[in-house]
Structures are given as structure tokens and as C-alpha cells.
Amino acid sequence: MPAECAELKVQSGNGGSDALLAGYEELNTAFEAANPGVTVDFQVKSFNELVDTLPLQLSGDEVPDVTQVNQGYGSLGQLVTAGLVAPLDDVANANDWAGRQGEALIALNGRFSPDGKDMGAGDLFGVSATGAWVGLFMNMEKAQEIGVTEPPQTLEEMEAMLAKAKEAGITPLMFGATDGGEQIWLMANLLMGLTSPQTVTDVINGVNEQLPVESLKAAEIMKKWAEAGYLTDGWSALDSTEVLGLFSEGEGLFALNGSWNVFQSDKPESFRLVPFPLAAATEIGAIASGDLPWSVPTNAKCPELAKEYINFITSPEASEIWIKAGQVPATISGNEQALVEASGLTGVSADAILSWVNIMTNGTPIGFPDWATPTWYDTIAQSSTALMAGEITPQEFVEALQADYGAFTAERKAS
Amino acid sequence: MSLTSLPVSAGGRRTPSPRKRVPGEPRSVAYLYILPALLIYAAFVFFPFVHSIYLSFFEGNGITRMEFVGIDNYVDIVRNPILRSAFVHALELIVFYSFLPIAIGLLLASALHRSRIRGVAFYRTALFLPYVIAPTAIAVIWRWILAPRGPLNSFLEAIGLGFLAQPWLGDFTWALPSVGLVGTWIMFGLVLALLLAGVQKIPTELYEAARLDGAGPWMEFRAVTLPGLRYELVVALVLTVTAALRNFDIIYVMTSGGPGNATVVPSYLVYQQAFKVSQIGAAAAMGTALILVIIAVNLLISRAGRAD
Chain A
1 MPAECAELKV QSGNGGSDAL LAGYEELNTA FEAANPGVTV DFQVKSFNEL
51 VDTLPLQLSG DEVPDVTQVN QGYGSLGQLV TAGLVAPLDD VANANDWAGR
101 QGEALIALNG RFSPDGKDMG AGDLFGVSAT GAWVGLFMNM EKAQEIGVTE
151 PPQTLEEMEA MLAKAKEAGI TPLMFGATDG GEQIWLMANL LMGLTSPQTV
201 TDVINGVNEQ LPVESLKAAE IMKKWAEAGY LTDGWSALDS TEVLGLFSEG
251 EGLFALNGSW NVFQSDKPES FRLVPFPLAA ATEIGAIASG DLPWSVPTNA
301 KCPELAKEYI NFITSPEASE IWIKAGQVPA TISGNEQALV EASGLTGVSA
351 DAILSWVNIM TNGTPIGFPD WATPTWYDTI AQSSTALMAG EITPQEFVEA
401 LQADYGAFTA ERKAS
Chain B
1 MSLTSLPVSA GGRRTPSPRK RVPGEPRSVA YLYILPALLI YAAFVFFPFV
51 HSIYLSFFEG NGITRMEFVG IDNYVDIVRN PILRSAFVHA LELIVFYSFL
101 PIAIGLLLAS ALHRSRIRGV AFYRTALFLP YVIAPTAIAV IWRWILAPRG
151 PLNSFLEAIG LGFLAQPWLG DFTWALPSVG LVGTWIMFGL VLALLLAGVQ
201 KIPTELYEAA RLDGAGPWME FRAVTLPGLR YELVVALVLT VTAALRNFDI
251 IYVMTSGGPG NATVVPSYLV YQQAFKVSQI GAAAAMGTAL ILVIIAVNLL
301 ISRAGRAD
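One line per chain: the protein sequences are A and B, in this order.
Using our numbering, the first residue of the first sequence is number 1, and each one after it goes up by one.
Using our numbering, the first residue of the second sequence is number 1, and each one after it goes up by one.
Next up, chain A with everything else stripped away, as it sits in the complex (with noise of 0.2 Å):
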């Protein structure tokens, strides 16, 4: 080991998720232990300013050696294609990290062919130390008031329950537009209920240039839930996390929103979280990704003890650290259950790590839309805010959604 490689930097983008950071700061200490004379420097950026700020401080000299990186071609791929980053699959394979996470999130959160021009395929350029999947918060005290006991299975159960929680005098699905995640994944929920995990999959990787035809029925049931009163009063000048504050003080039937949000409660078992419902009872996916991917930059100045660093987050062992801090470990070790149990997690903070643990083994896991264009992130957001107040038709829509998607995914395939 170089003797510079005394002190490891590394840079995280997980400011203000301090849960998170503790886990990390945990895992921190037990790698200095494990190497001597070694020191981890561990700078945090909040997401915005690691995104914002990532491609240029990676293209100077003075770069961290392990940084978190966001996912999809406006940012990895980015990366890859100025070749800023480096190919960990020396040390994938060396691990088994496919053997620990599974090839499907390995490949969703990290694969890219070595120009940067596809997605989900090709050389290993990130691997997620924890899991962040979006699925629907329940409560279930409020499902006992319309006679429901049990989470939908299927996207048609979730209708009528819907509509049962209208009359009722509930707010059916809390919802909040200003961020632009909330319609974005919902989008992507009732796409993969109409179409299939694999088709999303596709469309985010850009393997055709055209949207699925489902597309445009997702945005219809988009309008109709917004018209039919089933969202919070409100909801386009609300943000997330307010609705989702509401939700847990025992507002609404449903909130749709992430695994790393789950929020603390007098009654823990009121609460559930569970994977948006497909067509299908006994189909399971989801929107569920690691958490920014740790990469090694091209410029790293210990690029070995970096890989070893990743090696180390990302083991069986970091896992178990993961889940005594509350967090969803991307890496399964399959004693999930007895280390919730151990650790006292319930309610929603026991479901966010199994049912991921579902999801990675039974399910399909399927990464964020707005990974499939720099700008789609906007666009879904922006167009279904629209869409949802009934300024443009669901046509309209799906063709704001197409013209930014298509011109992408052609100019991509052509260079």
C-alpha cells in the first residue's frame, strides 16, 4: 500500500439522511480497524450538491477515492463515457458481489457498456451499499374503518380501495407534486402493473425508442385518480415529505413513497409498507435500486484500498451493521428476519428491509425511470403535474414524455 494511501477519501451524497450516516460512520471505524494506519476521510455533500458538482470535480486532480454517483445516463453514464470513473469487475468478481445483491440489481444500479452509451449491461462501474426500493405505506387502522385487513394484490383491489376510502371520508392516497418524485414513480408503478417489470426495465435502459403503448392508459387512470378527489387537498402545491408527515400522524389510506423514509410511530403496527400492486396477485416488483452507487474515480490516488473500501460496505457483514441501524442493506445475507427481530424494528421500518429481501428474491427489482434521459426527471414531473390538473390530455402527455424520451434514446444509438 503507497504510503499517501494513509487517509482514504471518500465522499458520500447522503447529507441529511443522518440514520444513514451513522451506519456509515460505524462501518468507518470497523474498516479503520481492519486496516491499519489507515484513515477514512469521510466528506458528505448533500445529493444536490454531489450531482451538481460531480463531473467537474471528477475531470480535476483533486478527486476523492470512493464517491457516491447517481444512477442513469445523465450521471453514471456521463461519467463513463468522459471516463471518470473506473471498472470495479476486478473486484466484483473476486467478491461474488453478484452472488450477494444479485446480478438484476448489480446490473440496474452499476452496468454500462464501456462508452457509456448503454445501460444495465457491460462493465461494473458502482455498486449500492444499501437498498432504496418505493412501495405503498398503508394504514391499516384507517383499512379497518372501510372493512380492508389486508394490503391490495392487485392494482384493481388498490382501485376499489380507492374508492371505498372516498366515500368514506378518507383521503385514498396521499400525495404530494412539488418534488416530482411522487408522480414520476407512480407512473412507473401503474406502467408496471399494465405492461411488466421487464418492459420498465427496457424503458429506462432505452432498448427501443418508443414508449409501450400501456402508456397512455397509465396516464388516463393518472387523470382519473386526480379527478376523482383521491388525492390530498392540495397535493400540487404540496412536497413529499410534508404528506408523508401527514400520513404518519394518521392522515389517509396510502402514501406511496421510499424505503429510506420510513418514519417512527406510536403504533408501529398500524403501519405497513409493501410493494405497489401489479396485474397480478402473484407477480412482485418494484422500484428498487440501491442507494447512490460507490464508485472508484479514474483519478483516485489508492484506487486498491478504494475497491477494498466498497468490498467492505457492501459485505454480509456490513449488512448486519446496516440493518441494527435501521437501514435496507442492498447485499442480502438471508438471516434478515432474526436481525430485524434482534435489532427491535417494527412497523414500517421491519418491512423496508424484508420486503426488500421479497423483492430481490421473489420479485423483480426495476430502477428509476427518470434514469432512461438527463431531462426525463423534468419531464415526467413537470408534464404530469399538468396531466393530473387537468391542463394537457393524457395524449398530450405521453407525447411530452415521447418527444424527450425518443430524441434521447435515437441520438444515444446514433453517435
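Because the hints were derived from the structure by calculation, they are not lab data.
No experiment lies behind these values; they were computed from the predicted model shown.
Possibly wrong hints are sitting among the right ones.
[To be verified] Just a sample of chain B residues kept apart from chain A, beta carbon distances all over 10 Å, derived: (1) Ile34; (2) Phe49; (3) Leu169; (4) Gly170; (5) Thr204; (6) Val277; (7) Val293.
[Stated by the list, open to error] Facing chain B, according to a computed beta carbon distance under 8 Å, are these residues of chain A, among others: (8) Gly74; (9) Ala177; (10) Thr178; (11) Thr346.
[To be verified] Mimicking DSS-like on lysine-lysine, the simulated pairs with C-alpha atoms at most 25 Å apart in a straight line are: (12) A:Lys413 x B:Lys276; (13) A:Lys117 x A:Lys166; (14) A:Lys45 x B:Lys201; (15) A:Lys166 x A:Lys267; (16) A:Lys45 x A:Lys301; (17) A:Lys117 x B:Lys201; (18) A:Lys224 x A:Lys164.
Every residue, glycine too, gets a C-beta built ideally from N, C-alpha and C.
Go by the hints and put chain B onto chain A.
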């Protein structure tokens, strides 16, 4: 227009006619004095500005090779409905940031001038305060006030006007006017302070003469106050119109351009294109276009101010 209303002429002396050789150090030494400031200005303002004009003719993400595309980025601004709408919104904001504060300011300034009110200094300070507070702080406060379950809607419900309650910042019709009215609130204290100072400087004889000639309040306003405030109005217009056009912080914090694209403005798009979607060329073109619009509008204003 007589020169007497020019602020500088009041106590200023005319410089003596130039001699062949000015006494003291040679003139060129002056450049040495401004050099430090000039260097900083060149490094942090002038060079980046010129460089961003250069970048506006390229397409790319700033890390891989940029491709020369001529004026395509500018053509896009005209053709792309979202980019175009940003400029339309900026022009609409001028109404709220500039015209409304000036209208209110003129009304109040002439009213305050006609009838002496106790504690004018206090009101002037209180009304000027919003202009001094950091815009981000103002935006956070107003976002809270205008929230779906915020104080404004609660107030409307309490007085039986619940049907008027709106998700103000999430409504396609109301979002832009809501943001605009915050601008009015910020700007009108500044405008009022400017105009009050101007009004006090108009010779009272002019008002007396007007009254002797039988002028009512409206005639007095049109014939004395308005012409007397010409220069203050130009300053107020330049400041407020520029603020409206380059508005970023208020929009960023209050709506981030939403709902949909209902409140996107050019500066917000510059940020979004440069940092969010890495379209450096497009962002540079947007920024350059915005500067050009600001320069053009300001030239127009100062020309209108000069013409008699």
C-alpha cells in the same frame, strides 16, 4: 424640463475650463489606481461573461468534447415553447415587480406629500424593510403563508371565504401572480423611498402655483408631481425591471418553476440546464439572451427617461 431638478446640480460647482497640463500626477497614473479592481472585475465578471457567450455556440455537457452548433441554442429559445415561456413569464413578472410597486408608490408618495402624516420616517423604514431581507428568507416565509394549509387559506376560511382558498403555488392560474405579488411586496418599499425623496425636492412654489391656477389633486399630480419625479422613476424602473427579469431566488425557493412549467423564468432555466441536466451550451445561450434582453429593456427605459 429645467436643470434645477437634477440632484447633482444643487451644490455642485462647475469644473474650471481645462488647461493645457493638469497639475499633479500625470493622468495615466489613474489607470494604476483602478488596476486591482479592474483585474478582479476582469477575472470574475468580464472573462466568464465572454466565455459564456463563446460556450453558447456549442452543445455538450461540459466534461466531454463540446460540439459547435452555431446559433442553434438561440434558435431553440425562440422555438421551444418551454424556453420561450420563461421569457413570457419574466415579462409578466415586470408588471408585478415594477408597474404595480410604481403605481402604489406614486399614489402613496403624492398622498404623503399632500397631507403631512406623523411618523413618515417610521413608515418609510417599515415599508423599505422587505427590500433589505434576504430574498430566500422572504421566499420561505411566503411559501409558508401560501401553503395549502397555511395561514392565508386558514384566514380565508375563518372569515367565511373558504371557497377562495387555493393551493396558491400549485395552481396553474395563481402560481405566477402569487410569486409576482411577493415581488410587489419586496419592491414597493424601495420605490416608495425613492419617490418620497423625489417628491420632497419638488419646489413647493410649483404646487402653490398649480393650486392658484385652480388645479385639483389629479391635475396637480399630472402637471407637477409626475414630471418632477421623472429621474426617480427612471431609477425605480431600471432597478425593478432588472430585478423582475433576473429573478431566481424567489422562484427557486417558492415554486422551482412549477406547477408544470407555470413559473419557469430564464435564470432558473440557466441553473437547471447547467447543473441539473448538464446542457452547458443551452444554459450559456439562455444566460446571454437574458443579458441582452435586460440591456435592451434598460436602454429603452433610459432613452424614454431622457426624451422630452
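Now for the hints, and whether the structure bears them out:
1. Ile34: Isoleucine 34 of chain B clear of chain A: closest Cβ-Cβ about 32 Å, beyond 10 Å.
2. Phe49: Answer for phenylalanine 49 of chain B: holds, closest chain A Cβ roughly 19 Å.
3. Leu169: 5 Å, violated
4. Gly170: 3 Å, violated
5. Thr204: 51 Å, holds
6. Val277: Its Cβ does come within 10 Å of chain A, the nearest being 5 Å, so this is violated.
7. Val293: 23 Å, holds
8. Gly74: With Cβ-Cβ at 6 Å, under 8 Å, it holds.
9. Ala177: Nearest chain B Cβ about 7 Å off; hint holds.
10. Thr178: For threonine 178 of chain A, the interface hint holds, since the closest Cβ of chain B sits about 6 Å away, which is under 8 Å.
11. Thr346: With a minimum Cβ separation of about 30 Å from chain B (threshold 8 Å), the hint on threonine 346 of chain A is violated.
12. A:Lys413 x B:Lys276: 22 Å, holds
13. A:Lys117 x A:Lys166: 46 Å, violated
14. A:Lys45 x B:Lys201: With a Cα-Cα distance of about 54 Å, the restraint between lysine 45 of chain A and lysine 201 of chain B is violated, given a limit of 25 Å.
15. A:Lys166 x A:Lys267: Given that 25 Å is the threshold and the Cα spacing comes to 24 Å, the pair holds.
16. A:Lys45 x A:Lys301: 21 Å, holds
17. A:Lys117 x B:Lys201: The hint is violated at about 68 Å.
18. A:Lys224 x A:Lys164: 15 Å, holds
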